[in-house]
Structure formats: C-alpha cells, structure tokens
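Engineer: For reference, the chains in residue letters:
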Amino acid sequence: MTPELHDLAELASAVRRDIVRMIGVARSGHLASSLSIVDILVWLYWEVLSLRPEEPAWEDRDRFVLGKGHGCPALYSVLANRNFFPREELWSYRRLGAMLQGFPEVRRTPGVDAPGGSLGQGLGLANGISLALRGKSSSSRIFCLVGDGELQEGIFWESAMTSAHYGLENVTLIIDRDMRQMEGSTETIMSIEPLRDKLSAFGWNVRECDGHDFDSLRQAFAALGKSGGKPGCIVALTRLGKGISFLENDPSGGRMVLGRDFMEKALRELEKGGD
Amino acid sequence: MAAGERSTRDAFGQALLELADIDEELVVVDGDVGSSTRVSRFAGRFPDRFFSVGMAEQDMILTAAGLALCGLNVYVSSFASFLVGRGYEQIRSAVAIPSLPVKIVGSHCGVTVGEDGASHQMLEDLALMRVFPNMTVLVPADYASALSLVKKSSEMASPVYIRLGRAPSPDIYGDGDDGFVPGGGRVLREGADVTVCCCGIMVFEALRAADILARQNISAEVIDCYSVSPLPAQQILESVHRTGCCVAAEEHFARGGLGEAVASLVSGAYPVPVKQVAVFDRFGQSGSPAELQEYYGLTASQIVSAAVQVWTMRRR
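Line by line, the protein sequences are chains X and R. For the first sequence, position 149 (counting from the first letter as 1) is numbered 149 according to my numbering, and the numbering increases by one without interruption. For the second sequence, position 241 (counting from the first letter as 1) is numbered 1241 according to my numbering, and the numbering increases by one without interruption.
Calculated from the structure, these hints are not laboratory results. Where a beta carbon is used, it is the ideal one built from N, C-alpha and C, also for glycine. Be aware that one or more of the hints could be misleading.
[To be verified] Simulated restraints on C-beta separations:
| # | chain 1 | residue 1 | chain 2 | residue 2 | range |
| --- | --- | --- | --- | --- | --- |
| 1 | X | THR188 | R | GLY1054 | 39 to 49 angstroms |
| 2 | X | SER185 | R | GLY1044 | 47 to 57 angstroms |
| 3 | R | ASP1116 | X | ARG218 | 47 to 57 angstroms |
| 4 | R | GLN1234 | X | MET190 | 37 to 47 angstroms |
| 5 | R | PRO1271 | X | SER185 | 34 to 44 angstroms |
| 6 | X | LEU96 | R | ARG1316 | 43 to 53 angstroms |
| 7 | X | GLU88 | R | ASP1023 | 39 to 49 angstroms |
| 8 | R | GLU1294 | X | MET182 | 50 to 60 angstroms |
| 9 | X | MET182 | R | GLY1054 | 52 to 62 angstroms |
| 10 | X | ASP197 | R | GLY1117 | 53 to 63 angstroms |
| 11 | R | GLN1234 | X | ARG107 | 23 to 33 angstroms |
| 12 | X | ARG52 | R | GLU1155 | 21 to 31 angstroms |
| 13 | R | GLY1071 | X | GLU4 | 30 to 40 angstroms |
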C-alpha cells in the first residue's frame, strides 16, 4: 500500500491522537518523546517495512527495533493501526496484565521484534538479528530507531563498531535527533556532536533529513539504498513533542503534568489538524 | 587428554563440536578469548557460525540476544568476571526479561583461576545469575558432567548459565554418563548422619570429606547439586529429613550462591542447621590454585569440620 503524502500526514495525526489518549488514560508514559518519532514510524510502517500483520512472526519480514523504548506508545499505535492487534489494547497500555507494557516486550505484543527499555541496546540487538538473517541468506532488512541521548551509552559504540566490522548493510539506524534528553540539551549535558563525523569514522554511511517531512525521509532512505557494504544511518532532525505546540515550546522538555485539561487541549489542537 | 587432566572448559569446547554437527542452527559468540574458553576449534570448523565481537562483553550479550530472536541456538562465552559482571545489565534486559534461550557460559570461575588474582577470579556469578526468575544455573563438577550438561542446555528454550573452571578437575563421573538434567542433582554417596550439598570443584572435596568422616563413624550423604537453579529440592529435603543437618560447599562467595539457596530451601520446608563452606567476605588473590584452595578453606578438611559442627546441632 502506498498512501499519498497527505494520507501519511493524516495517519501521523491519528497516531498522535492515539498517543495522547493512551498516555492520558494510563496517566503515565513519555508523551513528548513518543510524539517526536511518529512521522518516522508512519514512514517506516506504511512505506518501507515488508510485513504481514496477520502473520507477525513471518520469517521473511523486515525487522524493527525500537532502541528508545520509552517512545513505545507511538509504536503501539502504529502496530494497532496496521492491524497487528485490536485497537482496544491501546487503552490498557501500562495496566496490570496488559499486552502493551511500559516498554516493548517481544513475548507479549505481536509485531514487537525486540525487547526495549534499557537505553543504548537497540543497535546490538539489531546486529544480532542481522547476522542471523545473513546466515539464513534472508533478504530481510533491519531498522533500528534510537534516541539521541542514548548515544551517550558506551554500549552503543561497541555495537556501532560491530555493524561496520561485519558490513551489515541490511541494518539501518535512525537517530531521533531532537537535541533533548531528560535534564536538558544533549550538547549541554554530554555532547554527542559531531554525530555525522563520528559515525562516518566508525564506518557508517550517514544521511541527514527532516524527521517530520515525508519527502525528506524518502530522499534520505533512497540515498542510503545506493550505498553498498556499509551499515546506513539516518540522522532525523526532529522536535520533541512534535504536533502539540505548547509541548514543543515547553522548556521542561514535555515533563508537564498530564491532567485532563492538558489532554483535552492537546487533542483539540491535533483535531484541528496541524501537521 | 587423559582422565583427570581435563577441565570443564575442555568439555564445553568438545560439546560444541558434537552439537554443531547435528544442529545447524547452533552459533557461538566470542569476545576474543576463544582459545581460553575452548571455542576456537568450533570457530575453525564452523567459521560461518562463529561471531567474535572483540573485547566487548556487553555487545556480546546483545548480539547473542539478537541471534536468539531469530531462533538460533546461541552460546556466548567468555571469562565469567567480565561476561556476567560487565554484561549483567544486558543479560537482565535482553536475555532474562524476554526469556530468550541464550546459553551463557562463564569460564575461569573461582579462586582456582590461580595467578591472575582477584579481578579474574569470579566468585559472585552464581549470585548474579541465580536471582533471575527464569535462568537455569548449572555448575558441572568434571569433564563428563560438563559435556552432558552443555548438551542438555542445547535443548532448553529458556536462558541458561553454565559455570566452568579453568583448571583440570578430577573425574567424578565415568565417560559417557549422561544422567544430568536441569533441576537435577546426583547422590554420589548415601549416608545417614549429615547431608553435604556441593557443586563444582567442591564435589571432589566432599567425597574426600565423606571418606574422612566415615573413619569417625559419621556417614555423610554427598549430593552433587550441579543444578544450582532450580535446585534439586526434593533430593535435598529428602536427605535432610534423614540426616537432620547439612553442609553446603562451593567455590563461590558465601553470599548468594548454592549455600544460601540450600539454606533458604531448608529453612522454609524442614529447618535443620546448615553450615557453609565457601569464600567469606573477601576477594581472591594471586597464587597457585592449590595454595588458594587451601588459603580460602575450600577443602575436604573444612567440610569435615563443618560436618562435625552441624552434626552436633542436628535436628533429632
């Protein structure tokens, strides 16, 4: 299925509404960092990944690893909207016994390919998956979405070496570069720049794009597709809290209290169909 | 190799070769210590199924977990100090919580590592691995039991930790003995007066202790608790019902290992005195394996002494 760009934007808006409702109902969850990855996930799940929702464990599917597990409300909504499980599950997110846990769990949730929750670990898992698929001569690809703050974890760079050393060209790393982490800006707390130079020096093909612009995402993915023998990385420039103006401009980085008023205000803004 | 000159790590290397011939999905992840962990022969024969990620234990675990997510039968091995020490959090979040069937093999455990000293003598691996709800923890005492247990682990669909030693260990079991199962134990000597639960190198010491105790008319029942988690609970309880007292011996910190597991089991089901023979409140150090075993009290004579003490306190 290849929706037009404006359909993708509508999908993204619907996913954002789901996220606000999920986190609002659960009264818990990471709203702003879920919103920043919505467009990337919509792009992946409707334009890139080869999947069979009716057969989630289909061996030849493309894999998706969510390194920044706290963004899982976005993933859950996308999976529900692609019919991996009923939408009703969204409303028990983070509840006792729920299919949708606070961080992704492979054994509970159809469509979740890798565990998440501990930052910095997504790429290592993606590498293992890639090596296994290579051994099986599979043509499946692996996409791993990580936050920018988690690049401060040392394990990430161990894994970044491994991807390049083994020439894992079926691995695509997407960095959600919103410039923020828990306590402030990444560059103030522990700078990760120059990101492009660092990853290039580690043996990666690196592209940058606007992580909220489907045309820009399309170009970046297309450009990576041409590179051989190296793992590919897309640094997607994003905005924390994207889609909700008063979150985007919140100096606390979206850690304001999720009251009923807040939810209603956020939903009203999304209903108006900003972008 | 002649009997008695073989270590449990030698058995691991051999088991991998035998398993790999029948299981095409078996793969090995190494961290640049393949010669020491005895996986290098596997690497030579099956280069496509061998992955070294260099000196990067955290990445070893994640790579192994990723391979397991695709259904492969993964063995990941390195020195236990670094594999389960540095890789602990990766084991927790990427193996234990998702309950992936990764087989984690820690070699160079205990003071019998010898001259390398404290940094390399892992004495808390059982504690770290035993706490996980779904981790099977196996401690073979000799070559034959290690060979058998590594093969058994291959059939398991949940995480497994296997503890190996560096030094050759005396043979306890005959070659080809395959009577080892996760959750099992082996009564090596039947006795009526004191139960000795032991694992690893302390099994040999316990058998020697039983000989010494027999000369003092104390008959010791020796149980090789090679499955530290889950414990062979029925065997242990059935034994302490008869003997009324227990010694637990292991080459591990007294905290968190077999001894505490046995004490916890016994205290909740049939309380009898339990005395530990283990390493108390101190790290290892350099020395020869034999010197260190003596220095840290991991000997038959310490088991004898503990057995006499619990026997005087026994439940009648």
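Engineer: The structure should be examined with respect to each hint, and the outcome stated for every one.
Structural biologist: Outcome of the hint check:
no.: 1; hint: THR188(X) to GLY1054(R): 39 to 49 angstroms; result: violated, 32 angstroms
no.: 2; hint: SER185(X) to GLY1044(R): 47 to 57 angstroms; result: holds, 50 angstroms
no.: 3; hint: ASP1116(R) to ARG218(X): 47 to 57 angstroms; result: holds, 55 angstroms
no.: 4; hint: GLN1234(R) to MET190(X): 37 to 47 angstroms; result: violated, 53 angstroms
no.: 5; hint: PRO1271(R) to SER185(X): 34 to 44 angstroms; result: violated, 58 angstroms
no.: 6; hint: LEU96(X) to ARG1316(R): 43 to 53 angstroms; result: holds, 48 angstroms
no.: 7; hint: GLU88(X) to ASP1023(R): 39 to 49 angstroms; result: holds, 41 angstroms
no.: 8; hint: GLU1294(R) to MET182(X): 50 to 60 angstroms; result: holds, 52 angstroms
no.: 9; hint: MET182(X) to GLY1054(R): 52 to 62 angstroms; result: violated, 31 angstroms
no.: 10; hint: ASP197(X) to GLY1117(R): 53 to 63 angstroms; result: violated, 41 angstroms
no.: 11; hint: GLN1234(R) to ARG107(X): 23 to 33 angstroms; result: holds, 30 angstroms
no.: 12; hint: ARG52(X) to GLU1155(R): 21 to 31 angstroms; result: holds, 30 angstroms
no.: 13; hint: GLY1071(R) to GLU4(X): 30 to 40 angstroms; result: holds, 38 angstroms
Violated hints for the displayed structure, listed by number in ascending order: 1, 4, 5, 9 and 10.
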